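Protein sequences, first through last, are from chains C and P. Numbering of the first sequence is given in the numbering used here, commencing with residue 272 and proceeding in unit increments. Numbering of the second sequence is given in the numbering used here, commencing with residue 272 and proceeding in unit increments.
Treat the hints loosely; a few may be bogus.
What the hints assert, rightly or not - Negatives, chain P to chain C, calculated, CB over 12 Å:
#  : residue
1  : 289
2  : 332
3  : 469
4  : 498
5  : 527
6  : 550
7  : 573
8  : 584
9  : 600
10 : 633
11 : 670
Stated by the list, open to error - Keeping only pairs whose Cα atoms sit at most 30 Å apart, straight-line, the calculated BS3-like set for lysine-lysine is:
#  : chain 1 : residue 1 : chain 2 : residue 2
12 : P       : 355       : C       : 491
13 : C       : 355       : P       : 485
14 : C       : 457       : P       : 479
15 : C       : 323       : P       : 457
16 : C       : 457       : P       : 323
17 : P       : 515       : C       : 323
18 : C       : 457       : C       : 442
19 : P       : 491       : C       : 355
20 : P       : 457       : C       : 472
21 : C       : 323       : P       : 370
22 : P       : 479       : C       : 355
23 : C       : 472       : C       : 443
24 : C       : 472       : P       : 370
25 : P       : 660       : C       : 574
Stated by the list, open to error - Partner residues are not named here, just some residues of chain C that face chain P (Cβ under 10 Å, in silico):
#  : residue
26 : 287
27 : 449
28 : 453
29 : 454
30 : 482
31 : 485
32 : 590
33 : 620
In case anyone wonders, no lab produced these hints; they're calculated from the structure. Here the structure is a predicted model, which is why all the values come from computation and not from measurement. Using N, Cα and C, we set each Cβ at its ideal position, and we do this for glycine too.
Number of protein chains: 2
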Amino acid sequence: MDEHKFIQAGIINIGDEILIGQIHNTNARFIAHELTAMGVYVKKILIVGDEKEDILSAFDEVLTCCDIVIVTGGLGSTNDDITKDCICRYFHRDLTENKIVLNHLQSIINTRKIKVPNSIFLQAMLPERSEVIANEVGLAPGIWIEDNGKILVAIPGVPQEMQAMLWDVLKKIQAHYHVNQHIIYKHIQTFGISEASLSEKLSDFENKLPPCIKLAYLPKAGYVSLRLTGYGASVKELETELEKQLSYLSHYIDEHIFSYENKTLSELVADKLKEQNQLFAVAESCTGGYIAHLTTLIPGSSKYFKGGVVAYSNEIKCNILQVEQQTINQHGAVSREVVMQMAKNVLQLYKVDYAIAVSGIAGPGGGSVEKPVGTVWIAVADTNNVYAKCFSLGNNRERIIQQSANMALYMLYKLL
Amino acid sequence: MDEHKFIQAGIINIGDEILIGQIHNTNARFIAHELTAMGVYVKKILIVGDEKEDILSAFDEVLTCCDIVIVTGGLGSTNDDITKDCICRYFHRDLTENKIVLNHLQSIINTRKIKVPNSIFLQAMLPERSEVIANEVGLAPGIWIEDNGKILVAIPGVPQEMQAMLWDVLKKIQAHYHVNQHIIYKHIQTFGISEASLSEKLSDFENKLPPCIKLAYLPKAGYVSLRLTGYGASVKELETELEKQLSYLSHYIDEHIFSYENKTLSELVADKLKEQNQLFAVAESCTGGYIAHLTTLIPGSSKYFKGGVVAYSNEIKCNILQVEQQTINQHGAVSREVVMQMAKNVLQLYKVDYAIAVSGIAGPGGGSVEKPVGTVWIAVADTNNVYAKCFSLGNNRERIIQQSANMALYMLYKLL
Numbered sequence: 272m273d274e275h276k277f278i279q280a281g282i283i284n285i286g287d288e289i290l291i292g293q294i295h296n297t298n299a300r301f302i303a304h305e306l307t308a309m310g311v312y313v314k315k316i317l318i319v320g321d322e323k324e325d326i327l328s329a330f331d332e333v334l335t336c337c338d339i340v341i342v343t344g345g346l347g348s349t350n351d352d353i354t355k356d357c358i359c360r361y362f363h364r365d366l367t368e369n370k371i372v373l374n375h376l377q378s379i380i381n382t383r384k385i386k387v388p389n390s391i392f393l394q395a396m397l398p399e400r401s402e403v404i405a406n407e408v409g410l411a412p413g414i415w416i417e418d419n420g421k422i423l424v425a426i427p428g429v430p431q432e433m434q435a436m437l438w439d440v441l442k443k444i445q446a447h448y449h450v451n452q453h454i455i456y457k458h459i460q461t462f463g464i465s466e467a468s469l470s471e472k473l474s475d476f477e478n479k480l481p482p483c484i485k486l487a488y489l490p491k492a493g494y495v496s497l498r499l500t501g502y503g504a505s506v507k508e509l510e511t512e513l514e515k516q517l518s519y520l521s522h523y524i525d526e527h528i529f530s531y532e533n534k535t536l537s538e539l540v541a542d543k544l545k546e547q548n549q550l551f552a553v554a555e556s557c558t559g560g561y562i563a564h565l566t567t568l569i570p571g572s573s574k575y576f577k578g579g580v581v582a583y584s585n586e587i588k589c590n591i592l593q594v595e596q597q598t599i600n601q602h603g604a605v606s607r608e609v610v611m612q613m614a615k616n617v618l619q620l621y622k623v624d625y626a627i628a629v630s631g632i633a634g635p636g637g638g639s640v641e642k643p644v645g646t647v648w649i650a651v652a653d654t655n656n657v658y659a660k661c662f663s664l665g666n667n668r669e670r671i672i673q674q675s676a677n678m679a680l681y682m683l684y685k686l687l
Numbered sequence: 272m273d274e275h276k277f278i279q280a281g282i283i284n285i286g287d288e289i290l291i292g293q294i295h296n297t298n299a300r301f302i303a304h305e306l307t308a309m310g311v312y313v314k315k316i317l318i319v320g321d322e323k324e325d326i327l328s329a330f331d332e333v334l335t336c337c338d339i340v341i342v343t344g345g346l347g348s349t350n351d352d353i354t355k356d357c358i359c360r361y362f363h364r365d366l367t368e369n370k371i372v373l374n375h376l377q378s379i380i381n382t383r384k385i386k387v388p389n390s391i392f393l394q395a396m397l398p399e400r401s402e403v404i405a406n407e408v409g410l411a412p413g414i415w416i417e418d419n420g421k422i423l424v425a426i427p428g429v430p431q432e433m434q435a436m437l438w439d440v441l442k443k444i445q446a447h448y449h450v451n452q453h454i455i456y457k458h459i460q461t462f463g464i465s466e467a468s469l470s471e472k473l474s475d476f477e478n479k480l481p482p483c484i485k486l487a488y489l490p491k492a493g494y495v496s497l498r499l500t501g502y503g504a505s506v507k508e509l510e511t512e513l514e515k516q517l518s519y520l521s522h523y524i525d526e527h528i529f530s531y532e533n534k535t536l537s538e539l540v541a542d543k544l545k546e547q548n549q550l551f552a553v554a555e556s557c558t559g560g561y562i563a564h565l566t567t568l569i570p571g572s573s574k575y576f577k578g579g580v581v582a583y584s585n586e587i588k589c590n591i592l593q594v595e596q597q598t599i600n601q602h603g604a605v606s607r608e609v610v611m612q613m614a615k616n617v618l619q620l621y622k623v624d625y626a627i628a629v630s631g632i633a634g635p636g637g638g639s640v641e642k643p644v645g646t647v648w649i650a651v652a653d654t655n656n657v658y659a660k661c662f663s664l665g666n667n668r669e670r671i672i673q674q675s676a677n678m679a680l681y682m683l684y685k686l687l
């Protein structure tokens with residue numbers, strides 16, 4: 272990959288709470304994704320704490336090797352917010368009051384009728400010779416500084432504010448650099464084959480890839496996604512080359528590919544159900560509502576999802592889902608027979624076209640020699656038939672829940 | 272904070288998939304959390320792509336300012352895995368075959384009866400004069416190298432493998448440095464007050480804090496956590512000082528504090544229910560199974576959670592949860608009346624002591640002038656009473672779901 276043709280960007284996230292592992296750094300992922308999508312090459316991401324020296328040296332490290340750095344965090348009005356001070360010191364600038372920001376703050380406070388401390392008005396103090404990135408969601412404005420051919424952008428670390436402001440930042444970057452390099456992705460989703468086996472099957476393909484295209488392996492919970500990334504100036508040429516390589520690749524692992532879309536399994540299921548104008552419901556034991564959650568995260572899911580029953584006790588399986596007590600006594604709650612009854616009954620109860628049912632042992636307790644932790648039965652039903660399958664999914668509770676959900680959604684996807 | 276008394280560590284995560292924003296960097300958080308807990312100061316986290324030059328310069332940057340660096344990723348046997356090559360080049364060492372690793376690989380392959388490509392055996396080639404961190408979960412061994420007073424540790428990027436191996440790494444670090452510095456945290460969870468207002472109320476307190484103690488603001492979905500961090504050599508002195516500061520802090524914001532435990536709301540609810548030996552269930556519309564999911568993520572949750580109904584259509588609210596059609600016609604599905612019926616009825620249906628019900632407009636569609644996106648009604652019920660409250664939670668679908676779940680769990684927590 273000839274990365275030097277690209278605008279190179281770095282991301283700096285400031286905040287002790289990331290360094291001590293208290294929160295996920297979701298901002299870096301969001302920004303990296305958006306920069307990449309517009310053809311900017313993200314070269315590094317750096318996380319440092321709320322310490323002046325560490326922030327200054329982070330500015331230096333990233334601006335040495337990148338054209339632009341996007342900084343998040345430390346722009347609030349509490350005492351641990353020192354990003355603005357660091358920017359002034361690094362670029363040798365003073366703070367000056369920005370009247371537009373001041374008026375904007377005043378109008379927000381008036382409109383929302385909220386009581387705020389006076390320190391809020393410090394937000395209107397900005398480094399001289401900088402531009403404002405307006406914050407329509409919160410109070411702290413963003414800062415855009417150009418210096419010595421490099422650009423530093425600072426925006427708040429609160430995800431909603433950061434996300435709302437990033438669009439303006441991206442537009443300014445595009446205008447500033449006249450971006451005309453392109454990165455194009457092709458996605459390949461596979462099921463039922465490990466990363467190592469995929470890699471063996473594709474080693475020949477990989478060795479013959481042209482330098483402008485890269486292959487990456489992205490293991491998910493229960494399946495593996497592949498990504499081809501193409502870099503170049505001409506979208507048309509790049510598309511042609513990528514399509515050619517994609518067809519070579521498909522040839523090697525054809526029987527394992529279930530989608531070429533960069534979508535989650537719940538999104539793929541959603542597309543098919545909407546297309547077919549059909550409804551589904553779930554009966555969840557060990558996944559405990561996770562399949563319903565993955566489904567309802569998608570906007571508009573009420574069009575094809577009527578809901579479900581979380582049956583976290585045998586009593587609920589019997590009383591609400593009408594599973595026969597005798598079946599549970601005879602085969603256990605984690606069995607083909609129980610999961611098939613759960614699927615059939617929730618389908619009737621919810622009057623839907625398709626249903627998923629899951630019953631398994633997520634651990635850490637509840638396992639036995641015969642049915643160890645990780646044993647999960649999944650059934651999918653339509654109005655005529657019901658199919659069930661058993662999986663062994665390791666011994667990590669969260670992973671078992673995630674993998675079970677994906678296995679179940681995959682089984683439904685194949686049935687649709 | 273006198274950070275220089277501490278062992279300073281850096282984390283480097285290698286992988287294009289993080290830089291382009293395709294996956295969350297959960298490894299950094301996990302490692303940072305564990306290092307901090309054992310008293311190692313995490314000074315920086317750096318993410319770079321699968322490019323030799325970037326990896327080498329990352330080694331250099333981190334080893335310049337830290338005593339130890341933990342590297343994840345790029346240890347597999349596919350072509351984009353180049354961490355081992357970079358280690359050899361950086362420390363001027365060759366690869367040599369490690370017989371123990373070779374035998375271990377062979378025995379894993381024999382036991383699991385899996386078909387693997389021959390390239391797997393490259394995993395047994397390790398930098399000379401390095402120690403092996405055994406991998407009991409996967410195939411790639413970890414590497415521990417000491418050089419010039421600094422330590423570099425490389426472990427796989429697959430979260431389960433990384434997590435399993437990290438314990439050995441932490442033990443080796445502890446043994447190597449005779450760690451005797453301590454970091455102690457105190458947590459304060461607040462509800463019903465914004466970060467800015469907390470900061471104003473606490474400005475006096477913050478100004479008087481001794482240098483060995485820091486205050487951090489950690490906004491969550493719907494509430495704000497605070498954290499006091501104390502640094503020092505004597506656990507006893509540190510505990511005394513922290514307890515003193517904690518009681519000062521509580522004095523300023525007493526009416527907003529609901530817990531001093533570093534637990535999620537679902538964990539706090541779990542503790543109370545287990546203590547009282549009682550059961551609960553949920554009826555979820557707009558949260559779509561998320562409260563059930565948060566609850567069932569906790570090991571042992573079947574002891575106090577019987578499950579619930581995800582009612583993602585009015586028909587299900589009426590047919591399964593026995594909400595009166597007339598009530599929905601008269602007040603709408605998002606109303607005090609409907610959510611109260613949902614709570615009362617799921618309590619009876621599931622035969623539990625407590626119930627939560629949520630109905631709201633998560634958007635982006637479905638809003639009106641009267642009930643805009645973000646309007647959420649929540650009810651909690653016990654066997655005698657039911658209480659309902661209305662919230663306005665902004666316009667971001669995922670945030671509305673998260674905040675609604677926390678508001679509901681908080682209402683239940685206060686009722687218990």
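Here is how each hint holds up against the structure:
1. The claim that residue 289 of chain P is not at the interface with chain C is violated, since a C-beta of that chain comes within 12 Å of its own (minimum 7 Å).
2. Distance check on residue 332 of chain P: its Cβ comes as close as 6 Å (rounded) to a Cβ of chain C, failing to clear the 12 Å threshold; non-interface status is violated.
3. Non-interface status of residue 469 of chain P relative to chain C is broken: a Cβ of that chain comes within 12 Å, the nearest being about 8 Å off.
4. Not every C-beta of chain C lies more than 12 Å from that of residue 498 of chain P, the closest at about 7 Å, which undercuts listing it as non-interface.
5. Residue 527 of chain P, annotated as away from the interface, keeps every beta carbon of chain C farther than 12 Å; the closest lies near 15 Å.
6. Its closest Cβ contact with chain C, about 9 Å, brings residue 550 of chain P to no more than 12 Å, contrary to its assignment away from the interface.
7. Residue placement check: residue 573 of chain P does not keep its beta carbon more than 12 Å from all beta carbons of chain C (closest about 5 Å).
8. Separation of residue 584 of chain P from chain C is inadequate, the least Cβ-Cβ distance of about 5 Å not exceeding the 12 Å criterion.
9. The non-interface label for residue 600 of chain P is consistent with chain C: the shortest C-beta to C-beta separation is roughly 18 Å, beyond 12 Å.
10. Remark: the non-interface label on residue 633 of chain P conflicts with the geometry, its nearest Cβ contact in chain C lying 8 Å away (cut-off 12 Å).
11. With 12 Å as the threshold on Cβ separation, the claim that residue 670 of chain P sits away from chain C is violated: the shortest Cβ distance comes to roughly 7 Å.
12. Between residue 355 of chain P and residue 491 of chain C the alpha-carbon distance is near 24 Å, which keeps this suggested pair within the 30 Å criterion.
13. Taking the CA atoms of residue 355 of chain C and residue 485 of chain P, the gap is near 20 Å; set against the 30 Å cutoff, the hint holds.
14. Annotation: proposed proximity of residue 457 of chain C to residue 479 of chain P is violated, straight-line Cα distance about 56 Å (limit 30 Å).
15. Of the pairs offered as hints, the one joining residue 323 of chain C and residue 457 of chain P holds, with about 24 Å between alpha carbons and a cut-off of 30 Å not exceeded.
16. Only pairs whose Cα atoms come within 30 Å are accepted, and residue 457 of chain C paired with residue 323 of chain P is accepted, the gap being roughly 24 Å.
17. Restraint check for residue 515 of chain P and residue 323 of chain C: the C-alpha separation of about 28 Å stays at or below 30 Å, so the hint holds.
18. About 25 Å separates the Cα atoms of residue 457 of chain C and residue 442 of chain C, which keeps this hinted pair within 30 Å; it holds.
19. Of the pairs offered as hints, the one joining residue 491 of chain P and residue 355 of chain C holds, with about 24 Å between alpha carbons and a cut-off of 30 Å not exceeded.
20. Distance check on the hinted pair: residue 457 of chain P and residue 472 of chain C sit about 52 Å apart at the alpha-carbon level, beyond 30 Å; violated.
21. For the given pair, residue 323 of chain C sits about 48 Å from residue 370 of chain P by alpha-carbon distance, which is inconsistent with the 30 Å threshold.
22. Between the alpha carbons of residue 479 of chain P and residue 355 of chain C the distance comes to roughly 23 Å, so the proposed pair stays at or under 30 Å and holds.
23. Distance check on the hinted pair: residue 472 of chain C and residue 443 of chain C sit about 44 Å apart at the alpha-carbon level, beyond 30 Å; violated.
24. Between residue 472 of chain C and residue 370 of chain P the alpha-carbon distance is near 27 Å, which keeps this suggested pair within the 30 Å criterion.
25. For the proposed pair residue 660 of chain P and residue 574 of chain C, the alpha carbon gap of about 27 Å is at most 30 Å, so the pair holds.
26. The interface hint given for residue 287 of chain C holds, since its Cβ lies 6 Å from the closest Cβ of chain P, which is under the 10 Å cut-off.
27. Taking 10 Å as the C-beta contact cut-off toward chain P, the hint placing residue 449 of chain C at the interface is violated, the least distance being around 22 Å.
28. Given hint, residue 453 of chain C at the interface with chain P, is violated; its Cβ is 14 Å from that chain's nearest Cβ, farther than 10 Å.
29. Hint status for residue 454 of chain C relative to chain P: holds, with the closest Cβ pair at about 8 Å, below 10 Å.
30. The closest approach between the C-beta of residue 482 of chain C and any C-beta of chain P is roughly 13 Å, which is over the 10 Å cut-off, so the hint fails.
31. The closest approach between the C-beta of residue 485 of chain C and any C-beta of chain P is roughly 7 Å, which is under the 10 Å cut-off, so the hint is satisfied.
32. Interface restraint check for residue 590 of chain C: the shortest CB-CB distance to chain P comes to about 8 Å, inside 10 Å, so the restraint holds.
33. Taken as an interface hint, residue 620 of chain C checks out: its beta carbon lies about 7 Å from the nearest beta carbon of chain P, inside 10 Å.
Checked against the numbered hints given earlier, this structure breaks hints 1, 2, 3, 4, 6, 7, 8, 10, 11, 14, 20, 21, 23, 27, 28, 30; the rest are met.
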